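Enquirer: Chain residues, written in single-letter form:
Number of protein chains: 4
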Amino acid sequence: MLRNDYSEIAAPQVLEALQKCAGEQNVGYGLDVHSKKAEKLILERFGLFENEAKAHFLAGGTQTNATVISYFLRPYEAVIACASGHINVHETGAVEGTGHKVYTCPSADGKLLPEDIEKAVLLHADEHMVSPKMVYISNSTETGTIYTKAELLSLRGVCDKYGLLLFMDGARLGVALTCEKNDVTCEFIGEICDVFYVGGTKNGALMGEAVVIKNKIDAGSFRHHIKNRGAMLAKGFAVGIQFKRLFEDGLYFELAKNSNRTADIIRAGLNDAKIQTIGNSPTNQIFINVKRDLADALIEKFGLELWEDCGHSKTVRIVTSFATADEECEKLIGFIKSR
Amino acid sequence: MLRNDYSEIAAPQVLEALQKCAGEQNVGYGLDVHSKKAEKLILERFGLFENEAKAHFLAGGTQTNATVISYFLRPYEAVIACASGHINVHETGAVEGTGHKVYTCPSADGKLLPEDIEKAVLLHADEHMVSPKMVYISNSTETGTIYTKAELLSLRGVCDKYGLLLFMDGARLGVALTCEKNDVTCEFIGEICDVFYVGGTKNGALMGEAVVIKNKIDAGSFRHHIKNRGAMLAKGFAVGIQFKRLFEDGLYFELAKNSNRTADIIRAGLNDAKIQTIGNSPTNQIFINVKRDLADALIEKFGLELWEDCGHSKTVRIVTSFATADEECEKLIGFIKSR
Amino acid sequence: MLRNDYSEIAAPQVLEALQKCAGEQNVGYGLDVHSKKAEKLILERFGLFENEAKAHFLAGGTQTNATVISYFLRPYEAVIACASGHINVHETGAVEGTGHKVYTCPSADGKLLPEDIEKAVLLHADEHMVSPKMVYISNSTETGTIYTKAELLSLRGVCDKYGLLLFMDGARLGVALTCEKNDVTCEFIGEICDVFYVGGTKNGALMGEAVVIKNKIDAGSFRHHIKNRGAMLAKGFAVGIQFKRLFEDGLYFELAKNSNRTADIIRAGLNDAKIQTIGNSPTNQIFINVKRDLADALIEKFGLELWEDCGHSKTVRIVTSFATADEECEKLIGFIKSR
Amino acid sequence: MLRNDYSEIAAPQVLEALQKCAGEQNVGYGLDVHSKKAEKLILERFGLFENEAKAHFLAGGTQTNATVISYFLRPYEAVIACASGHINVHETGAVEGTGHKVYTCPSADGKLLPEDIEKAVLLHADEHMVSPKMVYISNSTETGTIYTKAELLSLRGVCDKYGLLLFMDGARLGVALTCEKNDVTCEFIGEICDVFYVGGTKNGALMGEAVVIKNKIDAGSFRHHIKNRGAMLAKGFAVGIQFKRLFEDGLYFELAKNSNRTADIIRAGLNDAKIQTIGNSPTNQIFINVKRDLADALIEKFGLELWEDCGHSKTVRIVTSFATADEECEKLIGFIKSR
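Chains as they are written, first to last, in numbering that gives the first Met the number 0: chain A, 0 to 338; chain B, 0 to 338; chain C, 0 to 338; chain D, 0 to 338.
If we strip away everything but chain A, and leave its shape as in the complex, we get (with noise of 0.2 Å):
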């Protein structure tokens, strides 16, 4: 199956974590050592002192998405967004739940523009329309693109000018970094973001995702605002566990290596089929517009998503994981070119 990255349970290293410490006994609510050395671990990695920032372990995406929007909003405040983002799409107005407005802007390949946040901040000029407060992007995106170095300064750059705080979710920050195009570091993501979080459930965790929060804007009632969200979890080290085993070996971005490498063997045989890719996304997410009988039975036989129907042909998404084997994707190329 070609679903998903989150079809399999989990990454082997992280199912072995969890039964070794089958025996223990742990306080509650991520307050344990396992997630404090997680923490750890993470704030290292992406360039961060203990002192400088917090990270909170979570169990969902959309719970994430939601928890840390309406943290930093003000009731009369907005996120702006790509009109393709998770946050407006497929969260079923999640953050709308929380009160908030998601400002969408236009976007071809899923990436926000700095000069669409630019004209979005001019736009809300007075007490008749939602003050835009935070830039929401995902990295890599909806459609599996990456931002690049300079695409991040330069709308660091525009969060700057008008006070604006930048979120990243990184649902998939594991591909996006460690995919061939990628130009940036954990540590420039770590510097140039407010808050971002680092996902582990399309990335070989049985479940979680990591937030950043950056000291100085404030992370102090943080646990409180996600016990007030339902989004604390009774048994935290359960999450942080797997957090630290991620990030104690760099294994969180081998398990996201492969995921991109199966991908770009596909890539490959599908430019051999004579297919084109539609998006030029270069991770884990691969989307071909074939025609309806072909897209039916990709469908059928490895289980892949519909994107779009267009009539005559559909669109249809491919997604590698961690746990994609290379005969897989022979046999979705080979079944491709049988045809």
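Note that these hints are calculated values from the structure, not bench results.
All figures in this text were calculated on a predicted structure; none of them were measured in a lab.
Treat the hints loosely; a few may be bogus.
Said to hold, decoys possible - Some residues of chain B that are not near chain D, with every Cβ distance over 12 Å (derived):
no., residue
1, L122
2, E179
3, I298
4, E299
5, E326
To be verified - Here are some of the chain C residues that sit facing chain A, going by a computed Cβ distance under 8 Å:
no., residue
6, Y75
7, A77
8, S83
9, H89
10, G92
11, E95
12, G96
13, K100
14, E126
15, H127
16, M128
17, I191
The beta carbon of each residue, even a glycine, is placed where N, CA and C say it ideally should be.
Since the structure of chain A is provided, determine the placement of chains B, C and D on it from the hints.
Expert: For chains B, C and D alone, coordinates are given in the frame of chain A:
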């Protein structure tokens, strides 16, 4: 450590069940075969047919309470609870965060009385006051007590009389239903409640709570609501697998029995040591009021939670779990007797 | 000043009606005889019997929109509106503040098309997306245009097809129903909408909007909701008296006719001066795009609102009201011709 | 009718002031000259300079409480109030509707005690509980009592000690500040509160409440918040004109004095008739407990509100207003004496 019933990662059987599925691929969001099977097992156990009710798997207790309550109430409606209820005291305003008042009744033993509910309803007579619409109880309660069949029947009666929904927080339903003093069956719970949840986190699961909603009260869009609240797990199967394991052979209740059995050992020892327990809990939470220095020693040595500082004495809470060994209980009693 | 239709305190007849009641005592919260009488008059005027619908009096437009929309939607449901709709652009996120997404469709002329609604519904296919449940339109629209009978019928058709509620924001319903191009009756509005409001603030009242809700869509607890939203006036009779006066002899429509009549004078004058109006509004809002210096002079001299700065030219908005005198219109036209 | 202090439409002077402006045009949303002047007069009267504070005009009490409280609290923060406080009992959950818990302290006389606030703060020790951040008091209170200077000073002390904001609901501030037993000045209110409102609706205005916020606690975006809550009136000048009139020559206090003076007449008469008042209110609300048949007669004849049904007796509330005539009071007393 006798601090809590969620200090251990999970029962070995649950971990093993997760491990067994390591190679599998499953569809996301709780639509997988494990979750379906777990739902079926739970509904059957509680005497409900598949067309009568649905079970949904969430990650934690506060999340479940806020999600359930906000699903059934309209903006001007309130939930009635004990003043000591979890939703009133220990959820950082999560229910109010969804926009609803928690109307509280005083309670000596953590249980709600039908006459208090009736008084609450009659008091809220006009449109300048909230409309009570739901009754929240927990079984076992915050202080470890349980509801009898007669008590539940009279709660149901007052709910029927005034058109209120009865919601049972079953974070510790396992110990309630398996303790010696219990006189209600699973089937009775299924019959008498409009909605209830079966707690996993505090009874051997890695995490997870199973919410059961009767179809007659419109559970039709509950999945939309779960997602809107950020409570839908991408790897829903991770919880489904656990509940399937817990309910396929009665393991859920076996684990709870160990909590109660070891609590009984402690109760007997305390009795022997002439230390009275407070509040008559027959389940896995035991409260004792002892001199400061003994309390402090117990807190340090056994990780007990301080419940109330009464000046010259302190009340501490002892909690047993699925994993508590007899020796731990004897050690505690021995320590107390030695003082 | 031709800036707005809410620059004058109230129509003399309305002020006089308030003055007349100065010696009286009335019960509060809209339960008084004036409000009851006003409700009856409005329901009759819109062809609705007392047992078919209820009218409620609120203080302002944004308040009314937020109160109505949040009453009918459940947390995960959304309202569909034009991108230029008042609730999307000019209410500082009030609807999102109640927890609901405003899903927007682009629109050339401020009107919503049935095909866009249908597309929106079909797009929101699963539980990862909000459920559209209500259609918000305004008549006249933000840009002064009005809906025809045929258009409203086809909107009703798509609402019926997909189980959507049709809500008409009638902040400027008076000018819509009395302008020359209008082909719908009050009775038709009453028939075709599930809920609508009759705007007072922008049509000669001191303040106030009359919300009409059909009983069949459960208006039973709307008064509770009004209070919960802080929108119930202690002196509800103060609004009731005004609407009674406005509807006892057709004054409401007479006032609106003056707005349209004077707007027509301006339109004729502009035509004469070879200045094209933008957007074809037949009601009391007129948009013209003129050179910067003329625009600036009009803004300064006649208080016009700047609508859009297009660089070398500017679009300004002219608004007439119940109080606009013919001379004011002639002065404006004279000034324009003199440049 | 001695039912309420908001049964008359408005003081004649206020109506006259509105009438006087009938020919005028004003800019909307409270940015007009009348509102500016009213703001200046109020700030001056309460000893505050224009650069120290801002005044905003809203339409009603519940709206004002919900708007103010939700402006200053973050999602996990709570407001402390008396159990009998208006926000807790009579606002249909409006504050909870904004997402915040109202934490209540019992109170014999409608007044909050510093020691109860302190206890509340100390109780909320960790992130599993809401953070109290604001103290809500009303002056006069729900039962007509008033705060002394000493009491307010000690409330201020506990607020300073724990970083709490002090918010005074002044729906009936007029009668509090002009009653005989009062020992605080307007200037003292201005000094001691972080935010307070001066009630118009219950003291001779057609409608309106004037919220005063000190700049040091960040009133910067309050207008955005007013709009987001649907509480910004298009014809803001309609309220501004009234408050200008009420504060340009002390009319506000003259109106309140009539309420107190006529209440004193009734108190004297009751004393004469050997009927004890309940709760020692020195302001315009008087509570008496009388036999059922007398109570019923008073309710029918004088429109009194039933406060509590005690079986063989009933407690009823008598309220005087700016418009209450001496004869009405004498009629009431005469009636009581005749029974």
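Enquirer: None of the hints should be skipped; say for each whether it holds.
Expert: How the hints compare with the structure:
{"no.": "1", "hint": "L122", "in the structure": "violated, 9 Å"}
{"no.": "2", "hint": "E179", "in the structure": "holds, 31 Å"}
{"no.": "3", "hint": "I298", "in the structure": "holds, 16 Å"}
{"no.": "4", "hint": "E299", "in the structure": "holds, 19 Å"}
{"no.": "5", "hint": "E326", "in the structure": "holds, 31 Å"}
{"no.": "6", "hint": "Y75", "in the structure": "holds, 5 Å"}
{"no.": "7", "hint": "A77", "in the structure": "holds, 6 Å"}
{"no.": "8", "hint": "S83", "in the structure": "violated, 13 Å"}
{"no.": "9", "hint": "H89", "in the structure": "holds, 5 Å"}
{"no.": "10", "hint": "G92", "in the structure": "holds, 4 Å"}
{"no.": "11", "hint": "E95", "in the structure": "holds, 4 Å"}
{"no.": "12", "hint": "G96", "in the structure": "holds, 5 Å"}
{"no.": "13", "hint": "K100", "in the structure": "holds, 4 Å"}
{"no.": "14", "hint": "E126", "in the structure": "holds, 6 Å"}
{"no.": "15", "hint": "H127", "in the structure": "holds, 5 Å"}
{"no.": "16", "hint": "M128", "in the structure": "holds, 6 Å"}
{"no.": "17", "hint": "I191", "in the structure": "violated, 28 Å"}
When each numbered hint is compared with the structure, violations occur for hints 1, 8 and 17.
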